[in-house]
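S.K.: Let the hints inform the model, and build the full structure from the sequences given.
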Amino acid sequence: MQLNPPLSLHQVAGMIGASFDGEPGFPISGINEIHMVNEGDLTFVDHPKYYEKALKSKASAIIINKEMDRPDGKALIFSDDPFRDFVSLIKKFRPFEPATGMISSTAIIGKGTIIQPGVFIGNHVVIGRNCIIHPNVTIYDHTIIGDHVIIHSGAVIGSDGLYFKRRSSHYDKLESGGRALIEDYVEIGACCTIDRGSTGDTTIGQGTKFDNHIHIGHDTIIGKNCLFAAQVGVAGCVIVEDDVILWGQVGVQKDLTIGKGAVVFGQSGISKSLEGGKTYFGSPAQEAREAMKQMALIRKLPELFEKL
Amino acid sequence: MQLNPPLSLHQVAGMIGASFDGEPGFPISGINEIHMVNEGDLTFVDHPKYYEKALKSKASAIIINKEMDRPDGKALIFSDDPFRDFVSLIKKFRPFEPATGMISSTAIIGKGTIIQPGVFIGNHVVIGRNCIIHPNVTIYDHTIIGDHVIIHSGAVIGSDGLYFKRRSSHYDKLESGGRALIEDYVEIGACCTIDRGSTGDTTIGQGTKFDNHIHIGHDTIIGKNCLFAAQVGVAGCVIVEDDVILWGQVGVQKDLTIGKGAVVFGQSGISKSLEGGKTYFGSPAQEAREAMKQMALIRKLPELFEKL
Amino acid sequence: MQLNPPLSLHQVAGMIGASFDGEPGFPISGINEIHMVNEGDLTFVDHPKYYEKALKSKASAIIINKEMDRPDGKALIFSDDPFRDFVSLIKKFRPFEPATGMISSTAIIGKGTIIQPGVFIGNHVVIGRNCIIHPNVTIYDHTIIGDHVIIHSGAVIGSDGLYFKRRSSHYDKLESGGRALIEDYVEIGACCTIDRGSTGDTTIGQGTKFDNHIHIGHDTIIGKNCLFAAQVGVAGCVIVEDDVILWGQVGVQKDLTIGKGAVVFGQSGISKSLEGGKTYFGSPAQEAREAMKQMALIRKLPELFEKL
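Those protein sequence lines, which keep their order, are chains A, B and C.
For the first sequence, my numbering assigns the number 1 to the initial residue and increments by one for each residue that follows.
For the second sequence, my numbering assigns the number 1 to the initial residue and increments by one for each residue that follows.
For the third sequence, my numbering assigns the number 1 to the initial residue and increments by one for each residue that follows.
Source of the hints: derived by calculation from the structure; they are not laboratory data.
Treat the hints with care, as some may be off.
Just so you know, same-sequence chains aren't split out, so a pair can sit in one copy or run between any two.
[Said to hold, decoys possible] Okay, derived cross-link-like pairs now, SDA-like style, lysine to any residue, Cα gap no bigger than 25 Å in a straight line:
{"hint": "1", "residue 1": "K66", "residue 2": "E303"}
{"hint": "2", "residue 1": "K254", "residue 2": "E287"}
{"hint": "3", "residue 1": "K74", "residue 2": "K272"}
{"hint": "4", "residue 1": "K74", "residue 2": "E241"}
{"hint": "5", "residue 1": "K224", "residue 2": "F83"}
{"hint": "6", "residue 1": "K92", "residue 2": "R129"}
{"hint": "7", "residue 1": "K173", "residue 2": "L308"}
{"hint": "8", "residue 1": "K173", "residue 2": "P117"}
{"hint": "9", "residue 1": "K58", "residue 2": "R94"}
{"hint": "10", "residue 1": "K307", "residue 2": "M295"}
{"hint": "11", "residue 1": "K224", "residue 2": "R84"}
M.R.: Put into structure tokens, the structure is as follows:
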């Protein structure tokens, strides 16, 4: 999430009533969750396990719940509850704006694009040229869609990610302030859901084709010319490189990478990063050849046990 | 399903043209399917396998297809087709009422609640305060939603359960007469479906958070502060206690209980009740440690078979 | 896809600017993809691997990218890119017609059918008598629905199939020109998606009942009185015979047949045709008894490995 123009450290700390360590005029040009952080960004950390990671990240400013030595070139903002204060900043910069109609007057829709009936297009949405948005699609605020994109009915683009902080008696929500980006020539099947980024962008790369009922989590990046069959689910913060094929009902856990050109057979479960150019199967997924060999032997277990 | 005011045995039997055994004025205060039955309720039984269960249940009155001894304090209604007659009573007390617009004039919507465009709100729906109902959500008749609830686009709350009786040449439908109850602070992801109870209530407990594409069957009760990842499917008549975490694509069979605080890893299949406080994996699910150990050994099968 | 009236070989070849071998007046009465082809149809073949199959198919005319001997009774149309030319014919005969409102004026809706608010009904759709179409359902152009059908909210009927040709730098889409046919007494759950045929029909047989979130691929034929639980996914070109039961989250690969009366337990993965009248489990699916026995032995692997 970019701040345009940037704010000063002093201004941001003031918004959450917090003290800070750094030049008051130190510029903050973005707000990003730790997985997506870039130079100029403000992030937050509230668990000792991640202090080091945050302090060594690209973040220029960090909301933290402990007085610590400030690293060179960074600023610190002190808070007894960094999560709460980070959320309050997201809400300030990306407030929820209730709709006033099915298609927001702030949306920009390119030439040659057909919007079928029953489509909701939120505030600040941009849709390119020559797209077809089929009936009853929902496009949340701030979504960006390229040219020649087809979105089938019932699909939901830019909904909130599943990102909660467990408190003692309940969950607190990290409000989603990010976006969904759908690049040119993408086709998205009926009833697919693409969550927007927490603070960054969820991206579906150019030419990628989705069957129906696919779920893509927040901040996940899908490469170009991928092909996903129906009911695939990809968690948040995943990187799927170009030309990957996932067959039906594959599940992908968060925070991992699937290499270029990988092919994953149906119903496989991916729990760690996969090298590109290979074929996988199983839950958890292995190289298909290995998985097949093991499955053949499982069928021989009755015979084996009888023998022994 | 409560009858308010209660009807007499005589009246109810009259509605389906049936004879009965019991005081004509015996009061019937509810109609419930056998899984959900309470004192005062009328239920039905049409298979000898379940006669005993029905006669020993809390039901006060039973539609039955055999002349039997009437248990003390209960009434019997005799029918050659209890299923058909039970359905006809449900239809009488909860008739389908076609909508006259996107938001029924009989719906009650609390202060501070935002209803986005394209939302359907059926008859007799109650929605509390400070909720956000995102675009293109559907809320069927009789649904009850608490305060501070968020429902994302494409979600369907209160649709009919999958409950059919197999006849020789077709299926007959048990008309759904129950409700969906969504408690305070629940968040429901995009394209989730929560079926209403057959005659009772399907309940999502306070503070529970659902990712996208989740299915909850009829009469299932989800506890407080549960967290379900995308594409989880829970069948009907399940009890999930508080603080349960189900990761992506987990499937849960009907008529079982998942204990408080259980955690189930992605793609697991739950076919029998699980004790709380433990971690599970696999299809069918076992304790994760056991499942992991077995999976590690499966990978050694080629070596083992070669050796032997 | 039928052509009514038929066209001549000369006319069709002229539309794509191609030369041909055959009587100029040779009649072409339909256009169909190779899996669905019938006598009188034009099909295409662009890969040497399938030349023989196409030449021996029921097709009366074939667009082909090689000069070959013409089989008796057939016509050949020569093209350097049969896929491109076939797509251009589909687009000519089934052009996308943008909607002018939520219910097309060309749709025919039977007596006693209730259309709830927010339902989209495309061009040339036919819906029979005494149906209930719940809110926010989408029915694409050319869909045919019988009598006494119930479709729950969020369902999408007749969306495009997943059928792409991989080019060197992108995928090209086979435009869907087929239909979805929903026979009498079918019930379709919330958020189900039924893709239309590529050029033929996707069919849901009489009396079949679907739970929520089910996906049916293009050109698949589901028999009569089948029962599918939630989140089942069936790929394209599958034949499911009558009285089949698929429990939750079952996945079915393309181009196979499931025999009459088969029962498949939850989360199974079907990768080859299954004989009817039997019960199956596992991914890949086996007869349930075998699968259960193997699973029991897997649980004994730790003991076995310790012993050896």
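S.K.: With 25 Å as the alpha-carbon cut-off, assign the pair K224 and F83 to within, between, both or neither.
M.R.: between (34 Å within a copy, 22 Å between copies)
S.K.: Which holds for K58 with R94 at a C-alpha limit of 25 Å: within a copy, between copies, both or neither?
M.R.: within (22 Å within a copy, 53 Å between copies)
S.K.: 25 Å Cα cut-off: does K66 pair with E303 within a copy, between copies, both or neither?
M.R.: So K66 and E303 fail the 25 Å test inside a copy (62 Å) and across (50 Å) alike.
S.K.: If the cut is 25 Å between Cα atoms, do K173 and L308 qualify within a copy, between copies, both or neither?
M.R.: Neither: 55 Å inside a chain and 52 Å across chains, both beyond 25 Å.
S.K.: Using 25 Å as the alpha carbon limit, work out where K74 and K272 are close: within a copy, between copies, both or neither.
M.R.: Classified as neither; 33 Å inside a copy, 53 Å across copies.
S.K.: With identical chains, the pair K224 and R84 could be close in the same copy or across copies; at 25 Å between alpha carbons, which is it: within, between, both, or neither?
M.R.: Classified as between; 22 Å across copies, 36 Å inside a copy.
S.K.: Reference check for the pair K254 and E287, CA-CA at most 25 Å: within, between, both, or neither?
M.R.: Both, since 20 Å and 22 Å are each at most 25 Å.
S.K.: Tell me, please, which holds for K74 and E241 at an alpha-carbon limit of 25 Å: within, between, both or neither?
M.R.: neither (32 Å within a copy, 45 Å between copies)
S.K.: Have a look at K307 and M295 and pick one of within, between, both or neither, based on CA distance no larger than 25 Å.
M.R.: both (19 Å within a copy, 18 Å between copies)
S.K.: Under a CA distance limit of 25 Å, which applies to K173 and P117: within one copy, between copies, both, or neither?
M.R.: between (33 Å within a copy, 24 Å between copies)
S.K.: Please work out whether the CA atoms of K92 and R129 approach to 25 Å or closer within one copy, between two copies, in both situations, or in neither?
M.R.: Intra 32 Å, inter 22 Å, cutoff 25 Å: inter-copy only.
Of the numbered hints listed earlier, those contradicted by the structure are 1, 3, 4 and 7.
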